[in-house]
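Sequences are here, hints too, so could you generate the full structure?
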Amino acid sequence: MSFWEYANPKKFMVTTAPVLPWLFAAAGVALVTGLVWGFFFTPEEARQGSTVKIIYLHVPSAMMAINAWVMMLVASLIWLVRRHHVSALAARAAGPVGMVMTLIALATGAIWGQPMWGTWWVWDPRLTSFLILFLFYLGYIALWEAIDDPDTAADLTAVLCIVGSVFAVLSRYAVNFWNQGLHQGASLSMDKQENVANVFYIPLLVSIAGFVLLFLSLVILRTRTEIRVRRIRALEARAQQGEGRA
Amino acid sequence: MSLLGAYALYVLSAYAVSLVLLAGLVWLSWRRAERVRAALARVEGVRADG
Numbered sequence: 000m001s002f003w004e005y006a007n008p009k010k011f012m013v014t015t016a017p018v019l020p021w022l023f024a025a026a027g028v029a030l031v032t033g034l035v036w037g038f039f040f041t042p043e044e045a046r047q048g049s050t051v052k053i054i055y056l057h058v059p060s061a062m063m064a065i066n067a068w069v070m071m072l073v074a075s076l077i078w079l080v081r082r083h084h085v086s087a088l089a090a091r092a093a094g095p096v097g098m099v100m101t102l103i104a105l106a107t108g109a110i111w112g113q114p115m116w117g118t119w120w121v122w123d124p125r126l127t128s129f130l131i132l133f134l135f136y137l138g139y140i141a142l143w144e145a146i147d148d149p150d151t152a153a154d155l156t157a158v159l160c161i162v163g164s165v166f167a168v169l170s171r172y173a174v175n176f177w178n179q180g181l182h183q184g185a186s187l188s189m190d191k192q193e194n195v196a197n198v199f200y201i202p203l204l205v206s207i208a209g210f211v212l213l214f215l216s217l218v219i220l221r222t223r224t225e226i227r228v229r230r231i232r233a234l235e236a237r238a239q240q241g242e243g244r245a
Numbered sequence: 000m001s002l003l004g005a006y007a008l009y010v011l012s013a014y015a016v017s018l019v020l021l022a023g024l025v026w027l028s029w030r031r032a033e034r035v036r037a038a039l040a041r042v043e044g045v046r047a048d049g
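From first to last, the protein sequence lines are chains A and B. Just so you know, numbering that gives the first Met the number 0 puts 166 at position 167 of the first sequence, and the rest follows in order with no gaps. Just so you know, numbering that gives the first Met the number 0 puts 12 at position 13 of the second sequence, and the rest follows in order with no gaps.
Computed footprint of chain B on chain A; a stretch qualifies when at least three of its residues, placed anywhere within it, have a C-beta under 8 Å from a C-beta of chain B:
1. 41–53
2. 100–111
3. 220–227
Incomplete in silico selection of chain B near chain A, CB under 7 Å:
4. Tyr9
5. Ser12
6. Ala13
7. Ser28
8. Arg31
9. Leu39
10. Val42
DMTMM-like mimics (lysine to aspartate or glutamate), calculated; alpha carbons at most 25 Å apart, straight line:
11. A:Lys9 with A:Asp147
12. A:Lys9 with B:Glu33
13. A:Lys10 with B:Glu33
14. A:Lys9 with A:Asp150
15. A:Lys9 with A:Glu235
16. A:Lys9 with A:Asp154
17. A:Lys10 with A:Glu235
18. A:Lys10 with B:Glu43
19. A:Lys10 with A:Asp154
20. A:Lys9 with B:Glu43
21. A:Lys9 with A:Asp148
22. A:Lys10 with A:Asp150
The hints are simulated quantities; they were obtained by calculation from the structure and are not laboratory data. Backbone N, C-alpha and C fix where the C-beta goes; we use that ideal spot for every residue, glycine too.
Given below as structure tokens:
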């Protein structure tokens, strides 16, 4: 069976229907476990005190903010190259989810920054690129809403997505590029020396798993909704044509 | 809150904001999914009757 079979809307609907409740359940279990573990059962950090508990929200949401845009980029490229409607609708479905993840990362970052840096906001490279990424999300969602023809909307939003990818990459690597500003380096790394201590690391991984599963669940649910909206439009257009002939 | 010490307000507000946003996102996505599902059933029903 080919991967591209899932680009067929009917195949996508049939395949995802039984999976979706299990995905939502797994997301709920992982999120509750990670957040309760992190909030109630981890110690304070020597320098940051109890504010370290914000890490279980801030790091996963920031990761998903960037990865959601990467997923939208891949789906948009598939649309542009192969013209599969499900991929364009999946990109559209991921937009609001990624926007909320970016908003959570910005809000929790500001709340964490006030007691640690003495300010809610600085024009630091990572913070600024995240704010621009958030604005790109708003523009992406607005562009989908503004254009009536779905194929034209998919084409133009795909181009916007490619342009915005520059800021998605900058958001991730801004700290390394400029080596300035208040924001610290990555909390998670392939290099174990750079990772946060194990006592914070394991609940953080569980929380990240929860965010990833929630993102997947929401994107599938919203893609299914977009496919149904498309079907309604097609049926209504066919009915109008029938009335016109009669 | 003794568990969180002097930073309780910051930690609690970070959790409150995040959970409200996540819950809102899930609720809005689910509500739209249900409405669209009902609308499609209506349209397909009309088509079958017609």
